[in-house]
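A.B. asks: Starting from the known structure of chain L, fit chain H onto it as the hints suggest.
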Amino acid sequence: MKKVVVNPQRCVGCMQCMIACATAHSRTQSLFTAALETPTPKPRVHVGAGLCGDGFPNRCRHCDPAPCMLACLPGAIHRDPELDTVRIDPDRCINCASCAMACPFGVIRYHVDPLGPPGKTVAVKCDNCVDRRREGRIPACVEVCKSGALTFEEMGAAMKRQTDAVARSVASEVEGKPAIPAGVALHRALRRASWEMNQERKENSHEG
Amino acid sequence: MKDSVKEKSIAQDSRLLLEKARADGVETVWDRFAAQLPNCGYCEMGLSCRICVMGPCRIDPFGEGPQRGVCGADADIIVARNLGRMIAAGAASHSDHGRDLVETLAEVAEGRAEGYGIADEAKLRSFAGEYGIDTNDKDALAVAAELAEALQEDYGTRKKALTLLARAPEKRREIWKKLGIAPRGIDRETSEMMHRTHMGVDNDWQSILLHAMRNALSDGWGGSLIASEVSDILCGTPTPTPTTANAGVLKKDQVNIVVHGHNPVVSEMILLACQSPEMIALAREKGADGINLAGVCCTGNELQMRHGIPMAGNHLSTELVLTTGAVEMMIVDYQCIMPSLGQVAACYHTKMISTSDKARFPGMEHREFHPDNARKIAGELVREAVENFSRRGEVYLPVAPVTATTGFSVEAVVQALGGTPEPLLDAIKKGAIRGAAGVVGCNNPRIKQDHGHVTLMRRLIENDILVVDTGCAAVASAKAGFKTAEAAAMAGDGLKAVCQALKIPPVLHMGSCVDNVRILTLASALANALGTDISDLPIAGAAPEWYSEKAAAIGLYFVASGVYTVLGPMPPITGSANVARLLTQGLNDAVGATFAVEPDPEKAALLIRRHIEDKRRNLGLDAKAV
Numbered sequence: 010m011k012k013v014v015v016n017p018q019r020c021v022g023c024m025q026c027m028i029a030c031a032t033a034h035s036r037t038q039s040l041f042t043a044a045l046e047t048p049t050p051k052p053r054v055h056v057g058a059g060l061c062g063d064g065f066p067n068r069c070r071h072c073d074p075a076p077c078m079l080a081c082l083p084g085a086i087h088r089d090p091e092l093d094t095v096r097i098d099p100d101r102c103i104n105c106a107s108c109a110m111a112c113p114f115g116v117i118r119y120h121v122d123p124l125g126p127p128g129k130t131v132a133v134k135c136d137n138c139v140d141r142r143r144e145g146r147i148p149a150c151v152e153v154c155k156s157g158a159l160t161f162e163e164m165g166a167a168m169k170r171q172t173d174a175v176a177r178s179v180a181s182e183v184e185g186k187p188a189i190p191a192g193v194a195l196h197r198a199l200r201r202a203s204w205e206m207n208q209e210r211k212e213n214s215h216e217g
Numbered sequence: 026m027k028d029s030v031k032e033k034s035i036a037q038d039s040r041l042l043l044e045k046a047r048a049d050g051v052e053t054v055w056d057r058f059a060a061q062l063p064n065c066g067y068c069e070m071g072l073s074c075r076i077c078v079m080g081p082c083r084i085d086p087f088g089e090g091p092q093r094g095v096c097g098a099d100a101d102i103i104v105a106r107n108l109g110r111m112i113a114a115g116a117a118s119h120s121d122h123g124r125d126l127v128e129t130l131a132e133v134a135e136g137r138a139e140g141y142g143i144a145d146e147a148k149l150r151s152f153a154g155e156y157g158i159d160t161n162d163k164d165a166l167a168v169a170a171e172l173a174e175a176l177q178e179d180y181g182t183r184k185k186a187l188t189l190l191a192r193a194p195e196k197r198r199e200i201w202k203k204l205g206i207a208p209r210g211i212d213r214e215t216s217e218m219m220h221r222t223h224m225g226v227d228n229d230w231q232s233i234l235l236h237a238m239r240n241a242l243s244d245g246w247g248g249s250l251i252a253s254e255v256s257d258i259l260c261g262t263p264t265p266t267p268t269t270a271n272a273g274v275l276k277k278d279q280v281n282i283v284v285h286g287h288n289p290v291v292s293e294m295i296l297l298a299c300q301s302p303e304m305i306a307l308a309r310e311k312g313a314d315g316i317n318l319a320g321v322c323c324t325g326n327e328l329q330m331r332h333g334i335p336m337a338g339n340h341l342s343t344e345l346v347l348t349t350g351a352v353e354m355m356i357v358d359y360q361c362i363m364p365s366l367g368q369v370a371a372c373y374h375t376k377m378i379s380t381s382d383k384a385r386f387p388g389m390e391h392r393e394f395h396p397d398n399a400r401k402i403a404g405e406l407v408r409e410a411v412e413n414f415s416r417r418g419e420v421y422l423p424v425a426p427v428t429a430t431t432g433f434s435v436e437a438v439v440q441a442l443g444g445t446p447e448p449l450l451d452a453i454k455k456g457a458i459r460g461a462a463g464v465v466g467c468n469n470p471r472i473k474q475d476h477g478h479v480t481l482m483r484r485l486i487e488n489d490i491l492v493v494d495t496g497c498a499a500v501a502s503a504k505a506g507f508k509t510a511e512a513a514a515m516a517g518d519g520l521k522a523v524c525q526a527l528k529i530p531p532v533l534h535m536g537s538c539v540d541n542v543r544i545l546t547l548a549s550a551l552a553n554a555l556g557t558d559i560s561d562l563p564i565a566g567a568a569p570e571w572y573s574e575k576a577a578a579i580g581l582y583f584v585a586s587g588v589y590t591v592l593g594p595m596p597p598i599t600g601s602a603n604v605a606r607l608l609t610q611g612l613n614d615a616v617g618a619t620f621a622v623e624p625d626p627e628k629a630a631l632l633i634r635r636h637i638e639d640k641r642r643n644l645g646l647d648a649k650a651v
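From first to last, the protein sequence lines stand for chains L and H. Here the numbering used here runs 9 ahead of the position in the first sequence, where the first position is 1. Here the numbering used here runs 25 ahead of the position in the second sequence, where the first position is 1.
For reference, chain L alone in the conformation it holds in the complex (with noise of 0.2 Å):
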């Protein structure tokens, strides 16, 4: 079965998978549309920034066993076999926080949804666009990323290429080729600069 599979090296923060998400789960299904929606559709997945404001796309992982899954009370989180989906039933939600706690990634939000009851707020998390899916579509957030931060690939697949990658890159004098580009590689090092020197614990002050 295909998966979505974070490649963080490649997510370049632009967090354009945030847009689409929010837009696949809004009622009028455009972005410019659902900007004006009430309530206002919120993307389930979240770019972070890391030490030196590189992006990150935290998306949830669809953890097996769920941590989330085995601390809700009321049974609203269960596993969807289908598309190997944990997914989260908005009518027994009952707004408890503990599904959070639970998950040590991160990625549940509780608000009111234009898709779950009205004006109840409720537990929210990705849901592997499980619509989009059943349409055929590939999720959202996969669509939109052209840095190829987020695939959706046969894990089988994603594997290979990506301990063809490593191999690459070790053999990278051969092939002459780097595994990272050059502009990337010192986009990355300049951010990285900036941060090491913003750290300095040498106190600079000439005033006090």
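Rather than coming from a laboratory, the hints here were simulated on the basis of the structure. As the structure is a prediction and not an experimental result, all values here were calculated from the model. Glycine is no exception: its CB is placed at the ideal position from the N, C-alpha and C atoms. Some clues are possibly wrong.
Said to hold, decoys possible - Short, incomplete list of chain H residues facing chain L, as computed with Cβ under 8 Å:
#, residue
1, D85
2, G88
3, L307
C.D. replies: What follows is chain H alone, placed relative to chain L:
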């Protein structure tokens, strides 16, 4: 949990006021910067294109996703087009500022600008001479009228080359001619850049970048230079003046008015109004001990250079000075004015006033200044500021101000040297002074406030490199105490002796950011005195904390004029290895100078020292290994 204020700024006033802002619940530029992280990598690398609506497009820097925009433009073309438009916006900003001064000059000549006049008639006449105007037997206003007309011609399309290119060394002009980048008209080059970067026009990244240089030169040897010179004619050519700096220049017992922006046309009239006996009496009546005018950013630099008006802070301090609760009124003109200021002021009693027909801001009252009504409106505003004194709440002034000497125009530098640049050239030839560096540009929340400027300048003067500075960099060094004669003690032995003999600081304040052209004029004069080109001189430029399009244009006109320039933050070009290589290496063959990018000022100092020693070696002077 928020980061320590020590990570945000090295300036004690900023640190304490940022703590106050946090306690008061005031959102600042650092909060908004943190909220923006991670920054979009496509945009940071220059790989997103929003020029047309077949797109927007982006290029995958990893090489697997899209490699061309809808139109077919690859990474090189997209990065070059984006950079070209950045330069056009920067050149347009300074040059439009210059236009406002030319219009004021024209209205002074017509007698329609009450309060303004010709403050430096000698400069008016010599500048008119550069434009081929016969000034004999003409009164000042007649000369001003003809000069304003001639200056406006430089903005247009009827010239083959800008008049003031004549100031550049002959070798430099030859280079521009050979490359086809001698600017023809100030507005023309900006307009042409917008045309070239329209979809389907110039799609050779090298040719776009050549025009970007021409566009930047149209600012450096055109719009900015006119802005600086006409400001001197109207408001006076700066001379060394004692002054003070940091947020402590605000006064607890006086009405505090702060001017912010870039154009001296507004602030000069505010200054006049603040000095009027009637207003001072009114302030006393309201329980204040007078009226204290202070500046921030480059309007502050303009007033400080000419009148010694105290400087409350640079770019990242503009919100913080309001959190003192001591500002009765902030009056802004244009450029670098954060649209958040109205919201900050709303937490205190501060009245916010916008003055330019082309710059409006949320939370500000708009009172439009024109040369013919400026005097009247300035009087009304100062009266309102004085009346606002009684609404003041608690005041927090965390530090005492630092003293500084400012006002080193080219004329003042030559004067300090005894009337000719010879003593400076001799000191450089003997090696007492290794060379000179212009440290310029903004603040940027990516870099701890003032850390880039202050660290770099400290290392340069320690190593006998004379520093000239402008803009927010100049405010940083004033706050750090580098602008006093005593600061010579921080310099290396050679520079120290020269500074002590001439009684000048080791860091000379040359003005606001349009005044970077003063540095070009000085460099040209030195090159002409040696019969050589600017690119042969042991000099360098640096913009350790730059953020704006204007700074990008300044950097490029420095490089295109032959000055090696080290940037702190990276411009959005890493998406194209070709563009990055051209700007950091290839330009050396074309214009004899390149950019370097180095966020760490300690390393930037080494780059500059190495460059200066290399240039000394090439000139046959003694050179050290760095």
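A.B. asks: With a cut-off of 8 Å on the beta carbons, see whether L307(H) makes it to chain L.
C.D. replies: Violated, about 34 Å.
A.B. asks: Checking hints one by one. Is D85(H) an interface residue toward chain L, by the C-beta closer than 8 Å rule?
C.D. replies: Hint on D85(H): holds, closest Cβ of chain L at ~5 Å, below 8 Å.
A.B. asks: Taking the least C-beta to C-beta distance, is G88(H) closer than 8 Å to chain L?
C.D. replies: holds (6 Å)
When held up to the earlier numbered hints, the structure conflicts with hint 3 and nothing else.
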